[in-house]
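K.L.:
Chain order of the listed sequences is A and B.
With this note's numbering, the residue at position 289 of the first sequence is 289, and numbering never jumps.
Just add 292 to wherever you are in the second sequence, counting from 1, and you've got this note's numbering.
Check before you lean on any hint, since a few could be wrong.
Said to hold, decoys possible - Covered, in the sense of this in silico footprint (three residues per stretch, anywhere, with C-beta under 8 angstroms from a C-beta of chain B), are these stretches of chain A:
#1 73 to 87
#2 94 to 107
#3 215 to 228
#4 256 to 266
#5 272 to 286
These are calculated hints, taken from the structure and not from any lab test.
For glycine and all other residues, C-beta sits at the position ideal for the given N, C-alpha and C.
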Amino acid sequence: MEFFIQILVNGLSIGFLYALAALGFVMIFKSSSVLNFAHGELLAIGAFFFLILATSAKLPIVVCFVLTLVGCFALGFIIERFFLRPLIGEALIEVIMLTVGLSVMFKGLMLFAFGGNFFKYPSFLPEALAIDWGMIHVPSAYVSSFIIGLLCLGVFGVFFKYSSQGIYMRSVADHQTAALSLGVHVRRVLALSWAIAAVVAAMSGIVLGFMHGVNVHELSAVGLKVFPVVILGGLDSIGGAIVGGIIIGLLETFTGGYISGSLGEVIPYIILVIILMIKPYGLFGSVEIERV
Amino acid sequence: MRRLIFRPCGNFKERYEQEIAIFGTDFGRVWVWIGLALLLGVVPFISSPYVLYVINNIGIAAIAAIGLNILIGYTGQISLGHGAFFGVGAYAAAILATKVGFPFWLAVLAAGLVTAMAGMVFGIPSVRLKHLYLCIATLAGQFIIEYVLMNWKGLTGGPEGMVLPTATLFGFDVSSDRSFFWVVFVSFAIMCWVAVNLVRSRYGRAFIAIRDNYLAAEGMGIPIFQYKLLSFGISSFYAGFAGGLWAYYTISITPEPFTIFLSIQYIAMIIIGGLGSISGAVFGAIFITMLNEILSSATEYIMNLEVFAGGALTLAPLREFVFGLTIVLFLIFEPRGLAEVWRIIRSNFRLWPFSY
């Protein structure tokens, strides 16, 4: 029984993490309809940035955190300005390939700079955060991931629904030309959406770094795992990202725990294909109504 | 033989067949014959074994890239599973050759057919999924096939892989670099010819109609599901055929090379080469294979220079960086690919002196 609950807790925390990573992805998709294959690398860049600031520069933790967020915000701006703007209007597969190229580029750069080693963050989380309930031990890293995850998801849900910038983003995602004609500054909205997505990715990267250690390959692999999450939940639904993340996390850990580790890697994809056959736009995605 | 027309001084086409002929003037026909003669007659004798190895790889990659271009460029279905189908073809050829005892040519053809069926199975989601969702479903297919290849030990030997018997054709041993070169390029010529004619036929027109506006295509009476499945099947046949050839060339195969990175390389090939044109696929295959080889030799060369001998610097990741950078730069500056560049060069000559 404890094994079951331990796996349940693991699955939920991994699921929340996937949901957090998927959030940035959905944000980019919601505003510019771009599938961002480089998301895993954005996670890794955020995590490594924090690592350098915390270990080499030895700044206080809060300063590191804020600086990482600012740096990734700027990185999002740069990516959008130099790499995506020239491709406005081109076919979708070109933009997807561009993000693939970006992901290979960033990964190569990071491997060159840091190698494939595992790094550890200096531990600064208060141990009081860890929950011990009978035989089950939830490390403070997992609990903090829950807290940060819930916070982010709440903030961004509200942001998209009620704030004016969020509404601009949704309008740009819906119909760019109509948004332009209504006076929305589309270029700024696109840049902002990439910047925010990079920030969210950095936060997920840092939290992942707490849980599993910082390693380029592992963090980039999470970027690929985000896809079943996002598709399951629906490409343009934030709530769907949460639900999809939790489902995929639970599936992965349960199959990994009870059947076999490598099958646990593949099961999310099999379930994904099955669910897509029944609900082709994901669980909560908005159905594209096609007009003839 | 009729007189060769090189520069027609007007439009003399009288029948539809002349309109859709592959070569407008006889320049193309003459160059095709000269090119084939050079390729099959001269190149194998003047090249070193390493160059032959690279060229053989280019030929095999070009066959698979043509298949992928039929799927993505002509039918508009984005598929990220091409690397896995290449692997299915390689393993199918290996299994048919070792466990069932097929001869070389039959194993490769049958591998193509097996992969075509697998491709059709993974094309079934295309009936309900569009664009991005189909893209991710094929990504799922890639991972599932990779998992099956790695873990179905009874059939595929798991991580140890399989060893193939030597390739023999009509009793001759064709597994050396030079004789395999002929096998690869004769089959490349045939597959290329089939592909070019396929896209001129009613099937090709149906594919293009599906890509451009599938609702209108359905309205005109094209059964899009059958044609989408056909497109998946044809492109997987090409991938499987190329995989089978590759398996015989590298005599032992493991499940390692058939990762998502291989699928990405194939997509890079057709995008850099030019979507929607057969020659684009070939250009892209040449470019990407040579880029990989140049990067490997460049990093080896730089690592061996005295300057870096002191530090423990491994430049291998920079290879990935330059690969990604090339893709990004190509997409930003020439999104229509090398086929477009070639077309501009050709029309430059054709329209001279009005070639601005």
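K.L.:
Identify every previously stated hint that the structure contradicts and give their numbers, smallest first.
P.N.:
none
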